[in-house]
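K.L.:
Residue numbers (this note's numbering), protein chains in the order written: chain B, 1 to 402; chain G, 403 to 631.
Hint data in this document are derived by calculation from the structure and do not stem from the laboratory.
Keep in mind that this is a model prediction, so the values were computed, not measured.
C-beta atoms are modelled at their ideal positions from N, C-alpha and C, and glycine is treated no differently.
Take these hints with a grain of salt, some might be off.
Here are the simulated lysine to aspartate or glutamate pairs, DMTMM-like style, with alpha carbons at most 20 Å apart [what the hints assert, rightly or not]:
id: 1; chain 1: B; residue 1: K81; chain 2: B; residue 2: E146
id: 2; chain 1: B; residue 1: K2; chain 2: G; residue 2: D623
id: 3; chain 1: G; residue 1: K515; chain 2: G; residue 2: E525
id: 4; chain 1: B; residue 1: K81; chain 2: B; residue 2: E246
id: 5; chain 1: B; residue 1: K81; chain 2: B; residue 2: E50
id: 6; chain 1: B; residue 1: K110; chain 2: B; residue 2: D215
id: 7; chain 1: B; residue 1: K2; chain 2: G; residue 2: E477
id: 8; chain 1: B; residue 1: K81; chain 2: B; residue 2: D257
id: 9; chain 1: B; residue 1: K2; chain 2: G; residue 2: E561
id: 10; chain 1: G; residue 1: K486; chain 2: G; residue 2: D457
id: 11; chain 1: B; residue 1: K2; chain 2: G; residue 2: D519
id: 12; chain 1: B; residue 1: K2; chain 2: G; residue 2: E485
id: 13; chain 1: B; residue 1: K2; chain 2: G; residue 2: D476
id: 14; chain 1: G; residue 1: K486; chain 2: G; residue 2: E434
id: 15; chain 1: G; residue 1: K486; chain 2: G; residue 2: D467
id: 16; chain 1: B; residue 1: K110; chain 2: B; residue 2: E50
id: 17; chain 1: G; residue 1: K486; chain 2: G; residue 2: D429
id: 18; chain 1: G; residue 1: K486; chain 2: G; residue 2: E561
For each label pair, taking beta carbons as the anchor points, the in silico distance ranges come out as [what the hints assert, rightly or not]:
id: 19; chain 1: B; residue 1: R402; chain 2: G; residue 2: V621; range: 22 to 30 Å
id: 20; chain 1: G; residue 1: S415; chain 2: B; residue 2: S306; range: 23 to 31 Å
id: 21; chain 1: B; residue 1: V349; chain 2: G; residue 2: E561; range: 47 to 55 Å
id: 22; chain 1: B; residue 1: L19; chain 2: G; residue 2: T412; range: 39 to 47 Å
id: 23; chain 1: G; residue 1: S415; chain 2: B; residue 2: V382; range: 31 to 39 Å
id: 24; chain 1: G; residue 1: D623; chain 2: B; residue 2: F23; range: 49 to 57 Å
id: 25; chain 1: G; residue 1: R469; chain 2: B; residue 2: S306; range: 32 to 40 Å
id: 26; chain 1: G; residue 1: T412; chain 2: B; residue 2: L22; range: 43 to 51 Å
Chain B stretches covered by chain G per the calculated footprint, using a threshold of three residues with CB under 8 Å from any CB of chain G [what the hints assert, rightly or not]:
id: 27; segment: 6-19
id: 28; segment: 314-322
id: 29; segment: 395-402
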Amino acid sequence: MKAARLAREGLRALSEHPLRTLFMMTGTILGIASLTVVMAMNDGARTTLEQRLEMFGYDMIRVRAGGMQQTGTGRRDTTLKIPDAQAIAVQVEGLGLISPMYRTHETAVKYRNANTTTRAVGVTQDIFEMREMEIAKGRAFDALDEDQMRRVCVLGQTVIDALFSGEDPVGRNIQANRVSLRVIGTLVPRGAAGPGHDRDDLILLPLSTAMRRLDRVDYVNGINIQTEDLDRIDAQAEEIEAILRERHHIDPGEEDDFMVFTAGDIMEFRMRTVNQLSILLGALALLCLVVGGAVLMNIMLVSVGSRTSEIGLRRALGASSRDIFAQLLVESVVVNLLGMVVGTGLGYVVSWVVGRLVEDMPATFSWTGLALAAGFSLVVGVGFGTLPARRAASLQPVEALR
Amino acid sequence: MIRLRGIEKTFTSGTLETRVLQGIDLDVAEGEYVALMGASGTGKSTLMNLLGCLDRPTGGTYHLDDRDVTGLSDEELSRVRNEKIGFVFQQFHLLPRADAVQNVLLPLVYARKYPVDARARAEGLLGMVGLGDRMHHQPGQLSGGQQQRVAIARALIAEPRILFADEPTGNLDRDSTREIMDLFTRLHSQGHSIIMVTHDPATASRASRILEMVDGRIVSDRRSEEDRP
Numbered sequence: 001m002k003a004a005r006l007a008r009e010g011l012r013a014l015s016e017h018p019l020r021t022l023f024m025m026t027g028t029i030l031g032i033a034s035l036t037v038v039m040a041m042n043d044g045a046r047t048t049l050e051q052r053l054e055m056f057g058y059d060m061i062r063v064r065a066g067g068m069q070q071t072g073t074g075r076r077d078t079t080l081k082i083p084d085a086q087a088i089a090v091q092v093e094g095l096g097l098i099s100p101m102y103r104t105h106e107t108a109v110k111y112r113n114a115n116t117t118t119r120a121v122g123v124t125q126d127i128f129e130m131r132e133m134e135i136a137k138g139r140a141f142d143a144l145d146e147d148q149m150r151r152v153c154v155l156g157q158t159v160i161d162a163l164f165s166g167e168d169p170v171g172r173n174i175q176a177n178r179v180s181l182r183v184i185g186t187l188v189p190r191g192a193a194g195p196g197h198d199r200d201d202l203i204l205l206p207l208s209t210a211m212r213r214l215d216r217v218d219y220v221n222g223i224n225i226q227t228e229d230l231d232r233i234d235a236q237a238e239e240i241e242a243i244l245r246e247r248h249h250i251d252p253g254e255e256d257d258f259m260v261f262t263a264g265d266i267m268e269f270r271m272r273t274v275n276q277l278s279i280l281l282g283a284l285a286l287l288c289l290v291v292g293g294a295v296l297m298n299i300m301l302v303s304v305g306s307r308t309s310e311i312g313l314r315r316a317l318g319a320s321s322r323d324i325f326a327q328l329l330v331e332s333v334v335v336n337l338l339g340m341v342v343g344t345g346l347g348y349v350v351s352w353v354v355g356r357l358v359e360d361m362p363a364t365f366s367w368t369g370l371a372l373a374a375g376f377s378l379v380v381g382v383g384f385g386t387l388p389a390r391r392a393a394s395l396q397p398v399e400a401l402r
Numbered sequence: 403m404i405r406l407r408g409i410e411k412t413f414t415s416g417t418l419e420t421r422v423l424q425g426i427d428l429d430v431a432e433g434e435y436v437a438l439m440g441a442s443g444t445g446k447s448t449l450m451n452l453l454g455c456l457d458r459p460t461g462g463t464y465h466l467d468d469r470d471v472t473g474l475s476d477e478e479l480s481r482v483r484n485e486k487i488g489f490v491f492q493q494f495h496l497l498p499r500a501d502a503v504q505n506v507l508l509p510l511v512y513a514r515k516y517p518v519d520a521r522a523r524a525e526g527l528l529g530m531v532g533l534g535d536r537m538h539h540q541p542g543q544l545s546g547g548q549q550q551r552v553a554i555a556r557a558l559i560a561e562p563r564i565l566f567a568d569e570p571t572g573n574l575d576r577d578s579t580r581e582i583m584d585l586f587t588r589l590h591s592q593g594h595s596i597i598m599v600t601h602d603p604a605t606a607s608r609a610s611r612i613l614e615m616v617d618g619r620i621v622s623d624r625r626s627e628e629d630r631p
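Please build the complete structure, drawing on both the sequences and the hints.
P.N.:
See below:
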């Protein structure tokens with residue numbers, strides 16, 4: 001019960017000096033708020049990444065033409081070819097469907113007076129079986145469409161919206177790069193995968209049609225491979241890399257002119273970036289907490305100085321030096337816990353606002369963040385409260401009363 | 403109740419040693435009202451601090467209620483102060499933002515047991531010192547004399563064995579001084595033991611026993627007429 005009375009004295013000191021209490025809390029508030037934002041962003045990034053990987057497919061190995069340096073340059077490597085896909089199918093064990101694809105540059109498409117630009121993507125019929133694409137209406141391609149390079153296509157929702165005003169597109173003819181294509185089906189909308197990446201803004205056509213009739217090329221720019229042996233997916237990816245290096249006559253030491261990814265690779269790569277950022281921001285937040293603790297310690301030291309005679313009085317009335325220590329420590333711990341509560345609240349408000357403003361930076365509530373915040377503020381409270389409390393406790397009553 | 407034998411106090415600063423108390427023997431019985439007089443620098447405040455268990459002697463023994471308090475730990479000394487001693491200071495030393503009742507209750511914060519009737523007791527004491535209508539005033543709203551009366555109520559809240567007052571009227575005007583001195587006389591007549599430091603002979607004359615100190619020694623010990631057996 002005495003502990004409760006001491007605690008009440010500590011709280012009274014805080015409530016009697018609201019401004020001082022606020023200043024004591026400031027560092028903790030800011031530190032905890034930034035820590036909360038970091039944790040929320042980290043968790044948010046993880047969630048988004050998991051959604052992306054779900055889209056990517058945990059059983060998929062994807063080969064893309066062009067090496068690392070070429071990423072984002074717009075230049076295209078022409079070395080990845082259909083026989084590469086065939087070689088992979090023959091040489092690597094435990095693979096399921098293999099579907100090469102060819103993506104045109106911006107393609108102008110037209111229906112009567114309406115026109116738009118979109119990506120025309122040549123795919124094999126297997127792509128539909130891989131659950132990559134789903135037909136909403138009409139039908140998908142079949143082997144005959146592919147073999148005969150038929151002028152047929154399947155439309156994504158964005159293209160339908162741009163070309164057809166309420167009219168049923170199936171059975172109509174559209175123009176793509178002056179090639180007339182008959183619409184045989186429509187795709188189930190898949191929505192956007194992040195900003196600027198509308199996954200419904202495309203038309204699909206048989207691979208042969210896209211390569212020969214639209215663009216007259218002999219290379220593809222990707223191969224989508226489904227594994228049937230998830231445990232071996234990394235080994236299979238390595239085998240694929242080896243096969244392609246050999247087929248493309250790449251000498252040891254030279255860089256690949258293609259890239260092979262699995263969901264695991266992406267996870268590793270993206271999380272590394274996210275974690276680096278989190279560590280950096282987290283370190284800043286911790287620094288903030290430590291600075292806040294130092295400020296708190298300073299304010300408390302000053303306040304011990306200005307309360308010397310009060311402390312002396314309390315000693316004379318029967319407070320032991322341990323009582324004084326406890327009372328002061330309660331002050332710093334309570335200030336920090338209060339700061340933590342306010343800081344966490346502020347942190348979530350900021351995360352929420354950021355999440356609203358920046359689409360790519362979703363923030364989610366993080367229990368880890370909360371636990372961390374509580375832990376740190378307790379440590380800071382005790383750690384930085386000890387020195388002032390000890391100084392107050394060591395005041396000699398006679399001298400303090402003078 | 404109080405028994406001092408050969409009490410010495412030496413302050414050391416650097417190589418300089420100052421013997422402030424040079425062997426003090428003193429007995430104070432229960433119910434006495436003692437005035438401790440002397441010019442400044444004679445060691446009366448130091449003696450007061452030792453008697454009040456705020457400080458430890460460098461030599462000699464001090465028995466309070468038949469218990470040797472010379473070698474007690476900080477914790478134990480604090481408890482002695484809390485339970486057996488009531489202090490009244492020259493500067494009142496009230497908490498500025500707490501009201502009269504809260505100020506009176508302050509010593510009980512550090513008591514081992516918080517009495518159930520603490521609040522009623524505090525209000526009763528404030529009534530007794532004549533502040534029944536000022537219970538919830540803060541020190542700033544009270545006159546000096548009234549503040550000192552709050553402090554006296556505070557000194558009594560834990561029902562101490564003895565009251566120590568260090569120049570209790572040093573900061574008060576004549577009227578307030580008279581009020582406070584009347585109050586001490588009343589407390590004495592109710593059986594309270596009081597030791598008061600003062601340099602004012604008029605104030606000291608109200609005590610039943612007057613001690614005079616010179617150079618760290620008690621040089622005179624007189625009892626007033628009516629108190630003489």
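K.L.:
In ascending order, which of the hints set out earlier in this document are inconsistent with the structure?
P.N.:
Structure breaks hints 2, 5, 16.
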